Amino acid sequence: MPLKQVRLGFVPLVDCALPVVARTKGFAEEENIDLTLTREMSWAAIRDKLSYGVFDAAHLLAGIPLASRLGLGGVPAQRLVVPMALGRGGNAITVSIRLYQRMLEADPAAMHGPRGLSARALKKVIDEDRAAGRPIMSFATVFPFSSHNYELRYWMASSGIDPDNDVNIGVIAPPRMFDSLRNGWVDGYCVGEPWNQRAVFHGDGAIVALKDDIWSRSPEKVLGVREDWALSNPDTVDALVRALVRSAEWADQPENRTELAQLLSDENHVGASFDILRASLLGRPILKPGGNPIDAPDRHVFYRYTATFPWLSQGAWVGRQMQRWGQVDASVDFNAVISEIYRPDLYRRAVAGLDVALPRDDWRVEGLNDAADRALVGADAFLDNSTFDMRNAAPIAAAGAADRVVASDT
Amino acid sequence: MKQEDFNILVIDENPDRAAIVERGLVEGGYARVSRIGTSFNLVERIQALAPDIIIIDLENPDRDTLEQMFQVSRAIARPIAMFVDQSDHNMIREAVEAGVSAYVVDGLRQDRIRPIVEMAISRFGAFDQLRRERDEAKAKLSERKLIDRAKGLLMQEKGLSEEDAYNLLRKNAMKQNRKIYEIAQSVITAFQLEF
Numbered sequence: 001m002p003l004k005q006v007r008l009g010f011v012p013l014v015d016c017a018l019p020v021v022a023r024t025k026g027f028a029e030e031e032n033i034d035l036t037l038t039r040e041m042s043w044a045a046i047r048d049k050l051s052y053g054v055f056d057a058a059h060l061l062a063g064i065p066l067a068s069r070l071g072l073g074g075v076p077a078q079r080l081v082v083p084m085a086l087g088r089g090g091n092a093i094t095v096s097i098r099l100y101q102r103m104l105e106a107d108p109a110a111m112h113g114p115r116g117l118s119a120r121a122l123k124k125v126i127d128e129d130r131a132a133g134r135p136i137m138s139f140a141t142v143f144p145f146s147s148h149n150y151e152l153r154y155w156m157a158s159s160g161i162d163p164d165n166d167v168n169i170g171v172i173a174p175p176r177m178f179d180s181l182r183n184g185w186v187d188g189y190c191v192g193e194p195w196n197q198r199a200v201f202h203g204d205g206a207i208v209a210l211k212d213d214i215w216s217r218s219p220e221k222v223l224g225v226r227e228d229w230a231l232s233n234p235d236t237v238d239a240l241v242r243a244l245v246r247s248a249e250w251a252d253q254p255e256n257r258t259e260l261a262q263l264l265s266d267e268n269h270v271g272a273s274f275d276i277l278r279a280s281l282l283g284r285p286i287l288k289p290g291g292n293p294i295d296a297p298d299r300h301v302f303y304r305y306t307a308t309f310p311w312l313s314q315g316a317w318v319g320r321q322m323q324r325w326g327q328v329d330a331s332v333d334f335n336a337v338i339s340e341i342y343r344p345d346l347y348r349r350a351v352a353g354l355d356v357a358l359p360r361d362d363w364r365v366e367g368l369n370d371a372a373d374r375a376l377v378g379a380d381a382f383l384d385n386s387t388f389d390m391r392n393a394a395p396i397a398a399a400g401a402a403d404r405v406v407a408s409d410t
Numbered sequence: 001m002k003q004e005d006f007n008i009l010v011i012d013e014n015p016d017r018a019a020i021v022e023r024g025l026v027e028g029g030y031a032r033v034s035r036i037g038t039s040f041n042l043v044e045r046i047q048a049l050a051p052d053i054i055i056i057d058l059e060n061p062d063r064d065t066l067e068q069m070f071q072v073s074r075a076i077a078r079p080i081a082m083f084v085d086q087s088d089h090n091m092i093r094e095a096v097e098a099g100v101s102a103y104v105v106d107g108l109r110q111d112r113i114r115p116i117v118e119m120a121i122s123r124f125g126a127f128d129q130l131r132r133e134r135d136e137a138k139a140k141l142s143e144r145k146l147i148d149r150a151k152g153l154l155m156q157e158k159g160l161s162e163e164d165a166y167n168l169l170r171k172n173a174m175k176q177n178r179k180i181y182e183i184a185q186s187v188i189t190a191f192q193l194e195f
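Sequence order for the protein chains is B and V. Going letter by letter, the first sequence gives residues 1 to 410 in our numbering. Going letter by letter, the second sequence gives residues 1 to 195 in our numbering.
Worth flagging that the hints you see were computed from the coordinates, not collected in a lab. A hint or two may mislead.
In silico SDA-like links for lysine to any residue, alpha-carbon gap of 25 Å or less [as the list claims (entries may be wrong)]:
| # | chain 1 | residue 1 | chain 2 | residue 2 |
| --- | --- | --- | --- | --- |
| 1 | B | Lys4 | V | Glu97 |
| 2 | B | Lys4 | B | Gly26 |
| 3 | V | Lys138 | B | Glu267 |
Residues of chain V clear of chain B, computed beta-carbon distances all greater than 10 Å [what the hints assert, rightly or not]:
| # | residue |
| --- | --- |
| 4 | Asn7 |
| 5 | Ala19 |
| 6 | Val26 |
| 7 | Gly37 |
| 8 | Arg109 |
| 9 | Glu118 |
| 10 | Met119 |
| 11 | Asp135 |
| 12 | Asn167 |
| 13 | Ser186 |
If you want a taste of the chain V side facing chain B, the calculated C-beta under 7 Å gives, among others [to be verified]:
| # | residue |
| --- | --- |
| 14 | Glu59 |
| 15 | Pro61 |
| 16 | Asp64 |
| 17 | Phe70 |
| 18 | Gln71 |
| 19 | Ala81 |
| 20 | Arg93 |
Fair warning: this is a prediction, and the values are worked out from it, not measured in the lab. Cβ coordinates follow ideal geometry from the N, Cα and C atoms, glycine included.
This is chain B alone, in the form it adopts within the complex:
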């Protein structure tokens, strides 16, 4: 049987692991797929090449298929679908050493408490700056419609910071983040690994919150394909999903993580140093220069806890954040939009017959779990202990900034 060619684009980040493993460890070939990988340096480029047929599939930010469907940001609307997620974890908020010192001095208790609440210290620094008449600080995320943008804003807002007025939040492509921090162009950023560990290893930054400190089950990258391609190539979609799910299973085994770090360190893949990648992949990140590694076993989750399942409720949460921050009109019915983009039906069809743990429903109340649920989906808590129920989410009014900031409980 001849191999079916699938051209896939990815951005150099730890979570490009599944396509890289599928290609290099033979999982794609076992499914009769000749998987061609292309490394891209920007999310806009990967989106356009997927949308206009240069790629068949892509490693995408969860927000991109939503933004594309709605034609946001002056970009022609596209019908992309998400047959699976590409794992969880990997993001962090890193600040410059200078800002880190200021946060430590401003609120040592907050900096030594739960990491999710470290923004309280940032709030005090911002208040000091305002009182002294200093200009506001600059932060960066990787794309307007990225989980990084929503996580950074969630973290700030939970401590009473208004991300639209108290700071500048700009966008810098992931491979350029580190230089921007080092050169003092930004005071902090939220990006995926290895770009946080790199700042720590080089002594330029310190991590103040990991992704799972903000929301332990928060979604990350997804596999995106064009809807028309998925419709006309159902067998290839199934085979691709199976190959990537089997790659995820391989990548999640602790004994394979060192080899994975080696694979990703290749210049054609992520191209970061092996030591930095291994620290992160072994769940032993170092948060500040000279610090000891901490235990963060769920730092990168590729397979367990339904990490490849395209949960409707995770897509809906992303849509909710778009509305919260005024990127989308509050009148958009995201539950309807999500059910057209997130396709758990495609995932279920592809893995039927494989021994893959599947949830009963395609959605859940996020931020809430008991022991049985935890065994299936992993720990699930937001830093502010809130919950998100897509079926009962109150509409968000197109409100002023003040209404969008959750009041601090201090």
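Start from chain B and add chain V according to the hints.
Using the frame of chain B, we list chain V on its own:
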């Protein structure tokens, strides 16, 4: 219709390609063309230049920054949309394949913008062609150097004449169905192993 009215900005990390695009536009009658490479204060520079049209290489990481700027409406005076005519799927596809992206301020007539984007596409194509030819020429040159070096080693170590050395390489290449420079590389490696 006065073409010189448009304020066009070309952003490209590759200064040679940017120059080729700029020259094409100027020769085509567009007088107000500026170009910049990558810069950290991109947003300020674009605000200062206030372009009607931005031509930027598709793979430029600055596009992620630009798109956020266009999305936050307060950052710019006029809304900017990507590409020329969103209904012109083939045109956009051609641009993407050529590695060109274009951002255009709202309200400009599509038929006046189209030639600018077409010019950029054809100039990108011409640049690719030039680069390919240059790479091929470079490769050819290094192939010839390998063959000369292998010939030299065979002459020196095996006492062959130049013609015999070359014929030996060629015969082996034909027998093994490989290129002569590949055989030359093997010969060089083999001699290096002996020492």
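Against the structure, the hints come out as follows:
1. B/Lys4 / V/Glu97: Given that 25 Å is the threshold and the Cα spacing comes to 22 Å, the pair holds.
2. B/Lys4 / B/Gly26: Distance ~14 Å between lysine 4 of chain B and glycine 26 of chain B Cα, so the pair holds.
3. V/Lys138 / B/Glu267: 23 Å, holds
4. Asn7: For asparagine 7 of chain V, whose nearest Cβ neighbour in chain B is about 18 Å away, the distance exceeds 10 Å, so it holds.
5. Ala19: Holds, since 22 Å exceeds 10 Å.
6. Val26: 27 Å, holds
7. Gly37: 14 Å, holds
8. Arg109: The assertion about arginine 109 of chain V holds, with a minimum of 17 Å to chain B.
9. Glu118: 16 Å, holds
10. Met119: The claim stands: methionine 119 of chain V keeps its Cβ more than 10 Å from every Cβ of chain B (closest is about 20 Å).
11. Asp135: Correct as stated: the minimum Cβ-Cβ distance to chain B is 19 Å, above 10 Å.
12. Asn167: 39 Å, holds
13. Ser186: 26 Å, holds
14. Glu59: Check passed: Cβ of glutamate 59 of chain V comes within 5 Å of chain B, closer than 7 Å.
15. Pro61: Constraint on proline 61 of chain V satisfied, holds at 3 Å.
16. Asp64: 5 Å, holds
17. Phe70: The hint holds - phenylalanine 70 of chain V has a Cβ within 7 Å of chain B, the shortest such distance being about 5 Å.
18. Gln71: Check passed: Cβ of glutamine 71 of chain V comes within 4 Å of chain B, closer than 7 Å.
19. Ala81: Holds: closest Cβ of chain B sits about 4 Å from alanine 81 of chain V, inside 7 Å.
20. Arg93: Arginine 93 of chain V check passes; min Cβ-Cβ to chain B is 4 Å, inside 7 Å.
In this structure, none of the earlier numbered hints is contradicted; all agree with it.
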